[in-house]
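Asker: These protein sequence lines are chains A and B, in that order.
Residue 0 is where the first sequence starts when you use numbering that gives the first Met the number 0, and the numbers rise one by one after that.
Residue 0 is where the second sequence starts when you use numbering that gives the first Met the number 0, and the numbers rise one by one after that.
Derived from the structure by calculation, the hints contain no laboratory data.
Nothing here was measured: the structure is a model prediction, and the numbers come from that model.
Some hints here could point you the wrong way.
The following label-pair restraints were derived from C-beta to C-beta distances [said to hold, decoys possible]:
(1) A/G783 to B/G40: 38 to 46 Å
(2) A/M731 to B/G65: 42 to 50 Å
(3) A/F392 to B/G115: 33 to 41 Å
(4) A/L396 to B/G40: 33 to 41 Å
(5) B/K28 to A/F392: 19 to 27 Å
(6) B/Q140 to A/N286: 52 to 60 Å
(7) A/Q363 to B/G115: 34 to 42 Å
(8) A/L384 to B/G115: 49 to 57 Å
All C-beta atoms, glycine included, are put in the ideal place defined by N, C-alpha and C.
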Amino acid sequence: MIKNYLLTTLRNLKKTKLFALINVLGLTLGMTACLFILYFVNYEKSYDRFHENSERIYRLRYERSDQDGQAVRFASCCPPAGLRIRKLYPEVEKIARLFRYRASVSHAGNRFIEERMYFAEADFLEIFKYEFIAGDAPDGIKQPNRAFISQATAGKYFAGKNPIGQILAVDKKADYQVAGVFKDVPPNSHLKFDILLSYPNLLDLYGKDVEDSWGDSGWFTYLLLKPQADPLAFEKKLPALVDAEFGKVLRAYKLTCDLKLQPLKDIHLTSDFQQEYEVNGDLDTVNFLKVIALFIIAIAWANYTNLSTARSLTRAKEVGIRKVAGASRGQLMAQFILETVLINLLAMALALAAVKLFLPLFGQMTGTPMAYRIWSQQWFWLTVLAMFLGGIFLSGLYPVLVLSSFQPAIVLKGKLANAARGMNLRKFLVIFQFVMALGLLICTFTVFRQISFMKKQDLGFSMENKLVIRAPRVRSASFASELQTFKQQLLKNAKISDFCVGTDVPGRQVWWDAGGIRRVGTDDNKNYQIVGIDYDYVKVFGLKLVAGRNFAREYPADAKALILNETAAKWLGFQSPAAAIGQRVIYWDDTFEVVGVLADHHQQSVKQACEPHIFRFLPEGRDVRGWFVLKLNTQDMGSTLQGIRQLFDEFFPDNPFEYFFLDDYYNQQYKADELFGEVFAIFSFLAVIVTSLGILGLSFFMALQRTKEIGIRKVLGASVLRILLLLAKDFMKLVFISFAIALPLSYLFISQWLQSFALRTDLAAGLFLYPLAIVSLVTIATIGSHIIKAAMANPVESLRFE
Amino acid sequence: MIQTKNLKKIYTTEEVETSALNQINLSVKEGEFVAVMGPSGCGKSTLLNILGLLDNPSEGEYHFVGHEVSKFSERQRAHLRKANIGFVFQSFNLIDELTVFENIELPLLYLKVGSGERKKKVLEVMERMQLIPRKNHFPQQLSGGQQQRVAVARALVARPKLILADEPTGNLDSANGDEVMNLLSQLHSEGTTIVMVTHSPAYSEFAQRVVHLFDGHIVTENFNQKFHV
């Protein structure tokens, strides 16, 4: 029996190749798209779940607000909180602090800037069990001057050598002995590090009292709660701790300060605070993609239902014959379910092949690493199974019911009245597909319009032709004069028109955040972002002065002068930029005079509103932090860069030469939005294709069903064109109904999405009309060929049906 | 074998009620060959559908091999049908995707006959219908007469008590038509009960009895003298 079913199915598929192709293709596309989206979604959700105790690990973070409720929210914590909690709260099993330290690290001739290096307390390796492949962790980290490095880092510095016992020089100031090598931290960790240094050395570096300040931030603090501990109850005890330790100061400055617990596994998708290690994922995007995945597979299933019921017309006779030959309804259902199973199986096999084929491309596009092995993920196979079973039952059930219900007495006479049933369902399904396709297209257009709008904005500074070099960290005692000579030498080169120094450059989040700043005579303390600049910074970046003056050599007192941006002037309570000039500001118990106000510029993406910046005169950077900015006037980057590098190496020999071009760097900020747009574009393209497959099936069905009507109309004198219009009208009606549904839904959605941008594009009519035009054109193109065929057919052919 | 009492079939649409069969009282004995004649739309096919358990009457009784089946469900009818009735249609109604052998095999599959016995029975009937050389052909590769022979073979293969033929010669030229009628006649002589709808007075001569339908009524019943000497 099964053999007979299989034979019929296979021969049937062979006979109706186009139908089979459309059906399988539609399902394959839907399944592939769905699997890819879920791949991305599950990767994002997999962050940090591989840790043994991930359920019990929390990150402690720190927030500080002024009396107006303006808050700075840090991903890190103040240094003493961890120390006190360790002593006071028994529900905390372990607690460990990390301090990020970017430095120039060298071994023999190998020299690199290490961005992902941390001083780590010993318990860090107890809370997080990383796999060590050499050395004596975690005990070794209790010793001073020990370094633990990743496998990749070991390869970078000690290729071919045993790294254990080797020495790494950090900023040429301290030597660390490599005591352990761990497997590279998996990419789905919110915290990625290459080097861990013994914590005691941090205190050597900055002094013991560096740990004392409750007003400071930068200490990433992780705690492992005991299994029975209630994290909410524990978090509620923290305000009392803050009050006991820091309450007096907070009251004096009219500030409040909070400690917050973040569950480890939520960090990647929900955390967006200052000082994050890297830009985290976004839960909204992930949830939204999940919905899209569901929609796409639903579109594909709707397609299958549509095509299969449409095709039931051509199968009606077979059903009749089988019934006459003795088939029960159950047997017929079994046959058609088997068919559905086969088609779904085929589509699934193709989808899996497509996933395998396009995975590297997709990974590259979305930044999901190959190390995350899709084939060994439980969710993946569960999804495959669910999609397979869901496809069979949700998309196959209705056609099976329709097919097996045909009355032989009717269908064997060639009457298809019965098959007209379900027309409304088919129309509904097509409307559903159109709505999805239109919605996705509208979103795609909006995302791209917003991105291009943001890129076209006047940022308030110029980023063209700016080469940015990391300022040297390893400095000699005569650094200031070396810098002057270096600058003079550079400017001799005609291809370099300008040079300046700053602690941060536009396009980077300003790292230096200072609280407790207020106007003399007020007690309204707020947090400001501080940028240290030299005389030329304003000129090099083309920043506009709206009041006062720039720092200048003829004012030797400028070390105690400040330049504000407009937002900072407002925050300090000045009525106008001009009113700020000459006024005095308390900055960390010292008094500064405001000498100028700059127009606001977009430090980061125009997504964010302008923040309050205070510029200080620090011509050599701050400590070891800073950037050299060179304005180039040449197209010949290669040789210019070579010359600059030679000069840098000559002046600052112990420092790696690290650089970037500001415009490239700045535009990277839009990467996430562009990715969002690309994902939308790809999936809306797929949705349109799958939908057009559905229309193809439906129009085939309609033309077949109306063959007689077409014949009669033609006999009565209707022209081919009139018949074309008649048939096309039906579909266009569906398109317009769908548009009417999609319009308000997508309007709501995109307005919501645009809310996350400080500057928003307007919702031009084109955003909605182009998708309508695209869907209409695709529809007409899809249905055109067989409507024309039906309309041109000899009426005798169609009337002979009766 | 067949007995109907005041059989009625009414088709109802939203506005119109059409009576297709009215007060049909018909009995067919085992081994009988009955032809049903009448103009288009007189209810011949409707009657055959009801007799063949493809449809239920609106009113009246229908006794088939001892069961009152007029109120049977689709499932019950299917069950009774597959064991007892073979169908032959004007348009052959073969499944295009199946070969000659597979088409004939179909009723045995649904009767869950084991594969060895199935093969034996199919080959037997194929031999009888001279279809062996066509075993692996598909319907489209056969002439109309050959297709109808396949359809008859399929109707026969499960050895049904009753064969219902709905204008079996309607789509055939006279040579092929004659061949099919000779076949049916031969089956009848071997004891199979046959009810056949036909437009052809000549072919109705093959039947023992001719029932004339008009507007849903039986108007006359003639006995063929040939069989009643």
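Asker: Run through the hints listed earlier and report the numbers of any the structure violates, in increasing order.
Answerer: Hints 2, 5, 7 and 8 not satisfied by this model.
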